[in-house]
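Chemist: Based on the sequences and whatever the hints tell you, model everything.
Heads up: the sequence lines are chains A and B, in that order. Start counting at 1 in the first sequence, then tack on 278, and there's your number in my numbering. Start counting at 1 in the second sequence, then tack on 278, and there's your number in my numbering.
Careful, some of the hints might be misleading.
If chains are identical, the list can't say which one is meant, so a pair holds when it fits in one copy or spans any two.
[As the list claims (entries may be wrong)] No more than 25 Å apart at the CA atoms, straight line, and that leaves these computed lysine-lysine pairs for PhoX-like:
#1 Lys-628 to Lys-459
#2 Lys-337 to Lys-628
#3 Lys-343 to Lys-621
#4 Lys-301 to Lys-459
#5 Lys-337 to Lys-459
#6 Lys-301 to Lys-621
#7 Lys-337 to Lys-631
#8 Lys-539 to Lys-343
For the record, the hints were derived by calculation from the structure and aren't laboratory data.
This is what each chain is made of:
Number of protein chains: 2
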Amino acid sequence: MMTRIIYLMKNTPAPAETGTVTKPPTMTLIARHAGVSRVAVHAVLSPRPGSNIGVSQEKRDLILKVARELGYVRNESARSLATGRTNTIGVIVQSLKTRFFTDFFTYLDEVCYADGYSVTISTSEFTSAREARHLRTMVSRPVDGLILAQSSPWHNDDLLEQCSVRGIPVVLLGGDDLELKFPSVAFDTAGAGELAADYFYRLGHRRVAFFHAGEAGDDSARMHNVRHSFFAQAWGRRSLSAPLALVTGDPAHGGIQAAAKLAALAPADRPTAVACGTDELAISLIYALRTAGLRVPEDLSVVGCDDIPAAADPGIALTTVKLPTDGLARQAWQLLSRKLHGKPSTKGGKHSKILVPPELVARATAASPPPAAL
Amino acid sequence: MMTRIIYLMKNTPAPAETGTVTKPPTMTLIARHAGVSRVAVHAVLSPRPGSNIGVSQEKRDLILKVARELGYVRNESARSLATGRTNTIGVIVQSLKTRFFTDFFTYLDEVCYADGYSVTISTSEFTSAREARHLRTMVSRPVDGLILAQSSPWHNDDLLEQCSVRGIPVVLLGGDDLELKFPSVAFDTAGAGELAADYFYRLGHRRVAFFHAGEAGDDSARMHNVRHSFFAQAWGRRSLSAPLALVTGDPAHGGIQAAAKLAALAPADRPTAVACGTDELAISLIYALRTAGLRVPEDLSVVGCDDIPAAADPGIALTTVKLPTDGLARQAWQLLSRKLHGKPSTKGGKHSKILVPPELVARATAASPPPAAL
DNA sequence: CTGTTAGCGCTTTCAT
DNA sequence: ATGAAAGCGCTAACAG
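Modeler: Pasting the structure below:
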């Protein structure tokens, strides 16, 4: 029987692994082992960014050596209690089933890590109660800052009020409504419409369509409708003829009906270019157009929106308006970290609202219209 | 100028919001306001599961009232320091781009919350360094327990050793290799092969195929090959003819070539049923078969594996072997929470390895073979 | 059944 | 440059 258990703690938790469970080493222990003071250990193991001085090189090396041998890992609970900060920022999003949110989290984690922060994420699963519960645990951990992607109608105002009172900075993600209470970052959807319209116009297109999945009543349909509206406005600034609206309720397969509708039009009436609410929709449309015998981009140009991975697939090579999630994450963190360092985020009483500009990714599905179509 | 800032803390962080930032209320403050002792406040606000007694009802009500008015939220850093526990469990997975992991996290969060724990997740993005860094922050927070989905080759043994020494229980997710060091939970892949083979055999099929994406050299290909091997073994126990192997490198569109191959076979040689490595592949195959003029399930039965949401789509109605992620999360938590409560997880010196059984979801893509084909 | 006391491990201030 | 001491907010012993 090799199992030997050393009970050192007052409330020793029962050993979780078969083996020897010991009390984790503390700075005090390291100080004893190295024959130096606790403060010296602290100075070496938790150096303040500015003051690098204070301990001689040999002492420093000794301390690091002992720490390594003992397997020292700083106890963040204790550190947090003493400093009042946790170096953790909390993120609450609706769901991790949306690729956008997982990308955002991954990028954010990267950029936060570079600044010494870690990120913890929770999902509201579209319910206010779950959001509240996660907000509460984050306030009580406490996190140093919060990034929230709220669904529109339900605001946990009391908890957010707590954040304000406690000085926990909050940044909203894509918030259309709460801008008054907190600063926010969002994609520049208007700019995306502008970009697509401009691109079509400059390629020479004059009859265009916008294809989107705005029929369901959910958040995603709302997004499609917003994108449609911005594209239509942008196009309206350039051309007399409003874009033809193609609407579906099925973001995955809706392209089939839309392609049928387009194929049924006389070439002289048919739009020469179609902007789509999402890349997913654009890809569905392109497949259906090919099946229907229409060539892309020879007969019809198509651009998507988002720049999902499938858009880059050589079999598609979708020209698209990229909404850069990495840029969004970077901006969110920049805004938040400014507030963490006490810089105000209001200008003239209004909270900053940062819009991240879209980028046009030109691949192979958009070109100038055929002369015959003009 | 309405802004008034109250500096109460020694190291007052600069105010993050325009407004009044105050020191958060503590139990001591509540005790003062309510005119009771701190212990009474503690007994009411952090009741021990067993001992519900200790404070009179009116005092209790008063404390709760004051706490609410003051916006009290318990400081978990302090609680953790005092108790040595954080009520947090850490999860490290490869990526959140895999639907499986996000589902797992969501289910796990649900079941952990019910037991008073919260979950924090990090991704290794398939690099050992990133895993190490997240492991380190989790050990130092510290988390009470850890669930790890490790990629095969790189183990951060030193850090895991730290977990053992500190008594932080670890549960592995789908680990094939580390079973010796830690208990693990995984899908019963062998059982899945068994289930599919059994289903085909009982429907009357005698010539079958297994279609998988095992050509790339990555983790996903490895999974496909394992599934193939288990199906082949299970089939071998029932029939003399080995299943025809259809292999692709493209999990998204590989069905096209496979369907072509199947369509080219003489009906008497053609398998009457195809099991697929994933639902994604099965769906790709079904679309391609339809295009090639083969009816499913009249000419050919198809079953998938996983039960992804698209499999339930009425346009597909895929019969599939469901790998229940919710069950996996439940088992992982059960195993971990047993260890949290000090129950050993070894039986006869070996760590437990829990296999979660698959379930056959019968929809519309599998049926008995046509008499003519027999 | 209430109150007093002594820490948890770390940071920070102040004195040497 | 180094050491001593106080305290973060909470919990868990023990005494009244």
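Chemist: Could you place Lys-343 and Lys-621 in one of the four classes (within, between, both, neither) given a Cα distance threshold of 25 Å?
Modeler: Neither: 39 Å inside a chain and 35 Å across chains, both beyond 25 Å.
Chemist: How do Lys-337 and Lys-631 come out at 25 Å by Cα distance, when the copy is not named: within, between, both, or neither?
Modeler: neither (50 Å within a copy, 47 Å between copies)
Chemist: Are the CA atoms of Lys-628 and Lys-459 at most 25 Å apart within a copy, between copies, both, or neither?
Modeler: within (9 Å within a copy, 56 Å between copies)
Chemist: For Lys-539 vs Lys-343, is the C-alpha pair at or below 25 Å within one copy, between two copies, both, or neither?
Modeler: neither (73 Å within a copy, 64 Å between copies)
Chemist: Using 25 Å as the alpha-carbon threshold, which applies to Lys-301 and Lys-621: within, between, both, or neither?
Modeler: between (41 Å within a copy, 19 Å between copies)
Chemist: My question is about Lys-337 and Lys-459: at a cut-off of 25 Å on alpha-carbon distance, are they close within one copy, between copies, both, or neither?
Modeler: Neither, since 51 Å and 37 Å both go past 25 Å.
Chemist: For the identical chains here, do Lys-337 and Lys-628 meet the 25 Å Cα criterion within one copy, between copies, both, or neither?
Modeler: Neither. Shortest intra-copy (52 Å) and inter-copy (44 Å) distances fail the 25 Å Cα cut-off.
Chemist: Go through the copies and call it for Lys-301 and Lys-459: within, between, both or neither, with a Cα cutoff of 25 Å.
Modeler: Between copies, since 21 Å is at most 25 Å while 46 Å is not.
Violation of the numbered hints given earlier is confined to hints 2, 3, 5, 7 and 8; the remaining hints are satisfied by the structure.
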